[in-house]
Amino acid sequence: MRNKMLKYLAFVLLFGVIGYNSVTFKSLSAVNAVRSNDAFDAPSYARKFWETSLTPAVLKSVSLNTLIHDLKSKPDSAFSQYSHALGIGNIRYFLLKGEGSVVAIEDNRVILKSSNQDVDSQIRLETEFVYGNAVRDAVGTIHLTEFTSTADLNQVSQELNKIIRSEIVPPFLKLVKAGDKVQFAGALELNRKYFTLDKIEIIPVSITIQGN
Amino acid sequence: MLLIAMCMIFLFNACSKKEEKQKVAVIISTLNNPWFVILAQSAAADAESFGYEARIFDSQNNTALESDHFENVIASGYGAILFNPTDADGSISNVAKAKAAGIPVFCMDREVNDVNAPTSQILSDSYSGCVTLGKVFVQELNKKGKYAELLGLVGDNNTWSRSTGFHSVVDNYPDLKMVSQQPADFDRNKAMEVMETILQAHPDIDGVFCGNDAMAMGAYQALLASGSADKIKVFGFDGADEVVTLIHEGKIVATGMQFPKVMAKTAAEFADQYFKGKRDFPKKIPVAVELVNSVTVSNYLNNN
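Protein chains in written order, with our numbering: chain A, 1 to 212; chain B, 213 to 516.
In isolation and in its complexed conformation, chain A is listed as follows (with noise of 0.2 Å):
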């Protein structure tokens, strides 16, 4: 009887032993705390992407008359030199710079026409739809091993384009008039397979209005 009670406070104990090194208990604010500290930081990321890679790379981007020009004359090696995408298939990203008149302004871009003669797309300068992936994309300096969370990535696109609407977009408006020259840097998207060039559609990056 007393060999049975022994056994068995041998096997509790060693139950015990092995329960409570199998299982850890942390405080639900602890486990935050440290998950809050190892956060990605894609505001500050956002921004020095956009002081130390996007403006440096605005300055030495394609014209958009050459761009409009190559991409009619020799369009898989437009997009083979001017354009970037961080993932496979069709969508391409191009950074470039131009100038243009102001010729309209709507509730969601203003339209400009190009000052090169040659050059009869329409130029829409978005001011509402500032979304997607056109900047980060565009410039070709990030890749994909940098991050090992989808929604990091997705995060530094969101970032961006709040600057823009945030910091490009409203001065601009508050300026801008029809007949007023501007000069503009922005990114551009478009379906290598699928393009059009009537209708230009850029996410502006900086936007200068001549004289002012």
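A hint or two may mislead.
[Said to hold, decoys possible] Pair by pair, the computed Cβ-Cβ distance ranges are:
1. Ala413(B) with Phe15(A): 51 to 59 Å
2. Ser73(A) with Lys356(B): 39 to 47 Å
3. Lys177(A) with Lys490(B): 54 to 62 Å
4. Thr52(A) with Gln393(B): 51 to 59 Å
5. Lys174(A) with Lys356(B): 54 to 62 Å
[Unchecked claim] Not everything, but these chain A residues come out facing chain B in the computed CB check (under 10 Å):
6. Asn3
7. Phe49
8. Ser149
9. Leu197
[Stated by the list, open to error] Some chain A residues well away from chain B (every beta-carbon gap over 12 Å; in silico):
10. Met5
11. Phe15
12. Ala39
13. Arg47
14. Ser53
15. Asp76
16. Ala104
17. Gln117
18. Leu144
19. Thr145
20. Asn161
21. Glu167
Treat the hints as calculated values from the structure; they're not laboratory data. All C-beta atoms in this analysis are idealised placements derived from N, C-alpha and C, irrespective of residue type, glycine included.
Given chain A's structure and the hints, the job is docking chain B onto it.
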């Protein structure tokens, strides 16, 4: 004589082994959805085009059955798995088992929430595709109105990528009010039932965003039955032939075209490269989703 016979037997076995093809398993979440049938059949055909033997396993949206398939595949000597998970978290252990057995796993369309377990994950960029759909949605509804959202399977990351992408645009417009958000599991019949229920409570909605085209078709059927198909705008995601046709006819507004054949082909290519010795694959590759609406639909008729 005995020595010659033994040499001949040895040579015969060696030749037989050389002719044994590598086997590739295609484990798919469900074959009850035509989109996944295309994914599975394309993956199997692509694997076979590289000279491998391929077999499709249907998990029927059941993680336990998926686990059985993995056990079977590991025990049967398959060399690679082209995988479409049932659950982003629940499927991780299955992928880990295959990895431990030295079998590479290439996820197609759906991901698991573990960067290290799969060899590579080839996924549609659902978030960005739904950002584009969100823009179209806001413009179609003129930045105001009431709408409902039908979600996919709650355990599938695609459900949340699509919903988050959509809301990242739409939630910036306070006059657009979501009156109902319900899961319909990516299933057409369930979507029809859910939509019928939503319409009873909210007959005056202006639009419905559905996380896939099967649900868009189910929602559209419910709207037809209630006589409100002309008033309520329907949006889907996938690029299914039926929905592309209805977009062409002006009955559904838009969808996002995915490319299951591109994902399947990339996964099969990766498996082939793995068999030939390559090991450095990108952990995730997004595949661009293209907008199909009244402006672009002529490019996509008969796409699948």
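We went through each hint and held it up to the structure:
1. Range check, alanine 413(B) to phenylalanine 15(A): Cβ separation about 53 Å, and the 51 to 59 Å hint holds.
2. Checked against the hint of 39 to 47 Å, the pair serine 73(A) and lysine 356(B) passes, with Cβ atoms roughly 44 Å apart.
3. Taken as a hint, the range 54 to 62 Å holds for the pair lysine 177(A) and lysine 490(B), whose Cβ atoms sit roughly 58 Å apart.
4. Here the CB-CB span from threonine 52(A) to glutamine 393(B) is close to 40 Å, at odds with the stated 51 to 59 Å.
5. Hint check: lysine 174(A) to lysine 356(B), Cβ distance near 25 Å, so the stated range 54 to 62 Å is violated.
6. For asparagine 3(A), the shortest C-beta to C-beta distance to chain B is roughly 42 Å, which exceeds 10 Å, and the interface hint is violated.
7. Taken as an interface hint, phenylalanine 49(A) does not check out: its beta carbon lies about 17 Å from the nearest beta carbon of chain B, beyond 10 Å.
8. The beta carbon of serine 149(A) is positioned within 10 Å of a beta carbon in chain B (closest approach about 8 Å), and the interface hint is therefore held.
9. Against a cut-off of 10 Å between C-beta atoms, the interface hint on leucine 197(A) is violated, since the closest Cβ of chain B lies about 15 Å away.
10. Distance check on methionine 5(A): its Cβ is at least 41 Å (rounded) from any Cβ of chain B, clearing the 12 Å threshold; non-interface status holds.
11. Interface exclusion of phenylalanine 15(A) from chain B stands, the closest Cβ pair being 25 Å apart, more than 12 Å.
12. The claim that alanine 39(A) is not at the interface with chain B holds, since no C-beta of that chain comes within 12 Å of its own (minimum 16 Å).
13. Here arginine 47(A) stays apart from chain B, with its beta-carbon at least about 19 Å from theirs, past the 12 Å limit.
14. No beta-carbon of chain B is positioned within 12 Å of the beta-carbon of serine 53(A); the least distance is around 20 Å.
15. Distance to chain B confirms aspartate 76(A) as a non-interface residue, since its nearest Cβ pair spans about 18 Å, more than 12 Å.
16. Every Cβ of chain B is farther than 12 Å from the Cβ of alanine 104(A); the closest lies at roughly 17 Å, confirming the non-interface assignment.
17. With a least beta-carbon separation of about 28 Å from chain B, glutamine 117(A) lies farther than 12 Å from that chain, consistent with its non-interface assignment.
18. Not every beta carbon of chain B lies more than 12 Å from that of leucine 144(A), the smallest distance being close to 6 Å; the non-interface claim is violated.
19. Not every CB of chain B is more than 12 Å from the CB of threonine 145(A) (nearest about 7 Å), against its label as outside the interface.
20. Not every C-beta of chain B lies more than 12 Å from that of asparagine 161(A), the closest at about 9 Å, which undercuts listing it as non-interface.
21. Against the 12 Å criterion, glutamate 167(A) stays outside the reach of chain B, whose nearest CB is about 16 Å from its own CB.
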